[in-house]
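Novice: Hey, can you piece these two chains together into the complex? The hints should help.
Going line by line, the protein sequences match chains R and Y. For the first sequence, the tail end lands on 580 under the numbering used here, and the numbers increase by one without skipping. For the second sequence, the tail end lands on 1094 under the numbering used here, and the numbers increase by one without skipping.
Rather than coming from a laboratory, the hints here were simulated on the basis of the structure. Don't take every hint at face value.
[What the hints assert, rightly or not] Taking lysine-lysine pairs in the DSSO-like style, the calculated list, with each CA pair at most 27 Å apart, reads: (1) 1059/Y - 537/R; (2) 1023/Y - 537/R; (3) 572/R - 511/R; (4) 537/R - 572/R; (5) 537/R - 470/R; (6) 1064/Y - 1038/Y; (7) 572/R - 1038/Y; (8) 1064/Y - 572/R; (9) 572/R - 470/R; (10) 470/R - 1023/Y; (11) 1064/Y - 537/R; (12) 1059/Y - 511/R; (13) 511/R - 1064/Y; (14) 1038/Y - 1023/Y; (15) 537/R - 1038/Y; (16) 1038/Y - 470/R; (17) 572/R - 1023/Y; (18) 1059/Y - 1023/Y; (19) 1064/Y - 1023/Y; (20) 1059/Y - 1038/Y.
[Said to hold, decoys possible] Residues from chain Y that keep clear of chain R, each with C-beta distances beyond 12 Å, as calculated: (21) 1009; (22) 1050; (23) 1054; (24) 1055.
Virtual Cβ for every residue (Gly too), placed ideally from N, Cα, C.
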Amino acid sequence: KQEVTQIPAALSVPEGENLVLNCSFTDSAIYNLQWFRQDPGKGLTSLLLIQSSQREQTSGRLNASLDKSSGRSTLYIAASQPGDSATYLCAVFSRDDKIIFGKGTRLHILP
Amino acid sequence: EPEVTQTPSHQVTQMGQEVILRCVPISNHLYFYWYRQILGQKVEFLVSFYNNEISEKSEIFDDQFSVERPDGSNFTLKIRSTKLEDSAMYFCASSVDRGYGYTFGSGTRLTVV
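The shape of chain Y in the complex, shown without the other chains (with noise of 0.2 Å):
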């Protein structure tokens, strides 16, 4: 069954630190997402890409975020300056369209000291 790819599994990075946390979706799938969970809490909304550019994004989603889909295959995701409070499972979705089922990778873990 295909599969959406995280990659690492997990980082550790200190603070104010760039990172970028990389996924491969599902090959025809056409919208992508990001989400993050962190320790104890729900998992929260980030960041949703359709066509090359941002559909929606949250407000935790500012300007130290930023998505891109340099190559086709992969969908990275981009904090500039990392702060303590960033540290948290970062999930990748993506949907072959809107309204269908969403595959979700099995996450990278960033922990930010």
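Here chain R stands alone, though its shape is the one from the complex (with noise of 0.2 Å):
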């Protein structure tokens, strides 16, 4: 049964700072893994997808990374801004058909 955890829970930094969050999966037969931003109380907004051939996607100051043989994805986000500040979510297609979301990182930016 895939597992998805994410690491840290919360995590707190100062603006401009480069930040990383990571995520990590038990079973490595996956279609995808995709990375969405979440706001209090609102919808999911998909960030960047990562294929299962693929290595890494960009999307401006983001920078998603997949290393599918240790079950292991990062976030990396560059100067970060007050903006940035949400709960980051992993989910990973995997091939029963089933998207397996993480618990979420929450990420505070101070300004």
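Specialist: Right under this line is the structure:
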């Protein structure tokens, strides 16, 4: 059974710093991995999608990497801004047609 | 950019009542999903739907739940007799194909009183 773990559960950093969020999964037989952002009480906004054959994806200040063999992904945020404050969710699409989410990392960027 | 649309955004219902949550997936998408998120908890898979039938469902998705794609555009989740523990945010998602990215709607907050 696929399990997805995100570390840390919460993170506070000063504005301008670079940071890394971690995601690990137990079953490497995945189709893809997707990072989402969730603001309080809101929906899920897709940030980056990494196919199982890819190693990384970049969008603006965000870079996501995938190491399928070790069951790990990281989301790197460069030059953090207060508007980046949100919960970041890692989601793995497994071959049993389910998306399994981690519990998320609550990120707070201090102005 | 194409969106997945969910209605209503918030629904309050009495325990034991039936509710129908509605979703309009992106028009060329073929795979459809319902997820839920109880306050403060993980987003949990409920059901996946393809080619007019359920392809996978979780233990949560019991006989009280059903899904339908009645007219080729809407995708609905019905809860027959709501319980207090059904209170959650329900998300609809769609994808053009398995293994591609998923677009989520903004959710319906269901409150059972």
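Novice: Does each hint fit the structure? Answer for all of them.
Specialist: Each hint, compared with the structure:
1. 1059/Y - 537/R: Given that 27 Å is the threshold and the Cα spacing comes to 37 Å, the pair is violated.
2. 1023/Y - 537/R: With Cα atoms ~22 Å apart, residue 1023/Y and residue 537/R stay inside 27 Å; holds.
3. 572/R - 511/R: holds (15 Å)
4. 537/R - 572/R: holds (20 Å)
5. 537/R - 470/R: holds (16 Å)
6. 1064/Y - 1038/Y: holds (19 Å)
7. 572/R - 1038/Y: Given that 27 Å is the threshold and the Cα spacing comes to 20 Å, the pair holds.
8. 1064/Y - 572/R: Given that 27 Å is the threshold and the Cα spacing comes to 24 Å, the pair holds.
9. 572/R - 470/R: holds (16 Å)
10. 470/R - 1023/Y: Measuring from Cα to Cα gives roughly 16 Å; hence the hint holds.
11. 1064/Y - 537/R: Given that 27 Å is the threshold and the Cα spacing comes to 40 Å, the pair is violated.
12. 1059/Y - 511/R: holds (22 Å)
13. 511/R - 1064/Y: holds (23 Å)
14. 1038/Y - 1023/Y: Status holds; Cα separation ~17 Å.
15. 537/R - 1038/Y: Status holds; Cα separation ~25 Å.
16. 1038/Y - 470/R: Holds - the C-alpha atoms of residue 470/R and residue 1038/Y are around 14 Å apart, at most 27 Å.
17. 572/R - 1023/Y: With Cα atoms ~5 Å apart, residue 572/R and residue 1023/Y stay inside 27 Å; holds.
18. 1059/Y - 1023/Y: holds (21 Å)
19. 1064/Y - 1023/Y: holds (19 Å)
20. 1059/Y - 1038/Y: holds (14 Å)
21. 1009: At roughly 17 Å from the nearest Cβ of chain R, residue 1009/Y sits farther out than 12 Å, so the non-interface label holds.
22. 1050: At about 16 Å from chain R, residue 1050/Y clears the 12 Å cut-off, so the statement holds.
23. 1054: Residue 1054/Y clear of chain R: closest Cβ-Cβ about 20 Å, beyond 12 Å.
24. 1055: holds (18 Å)
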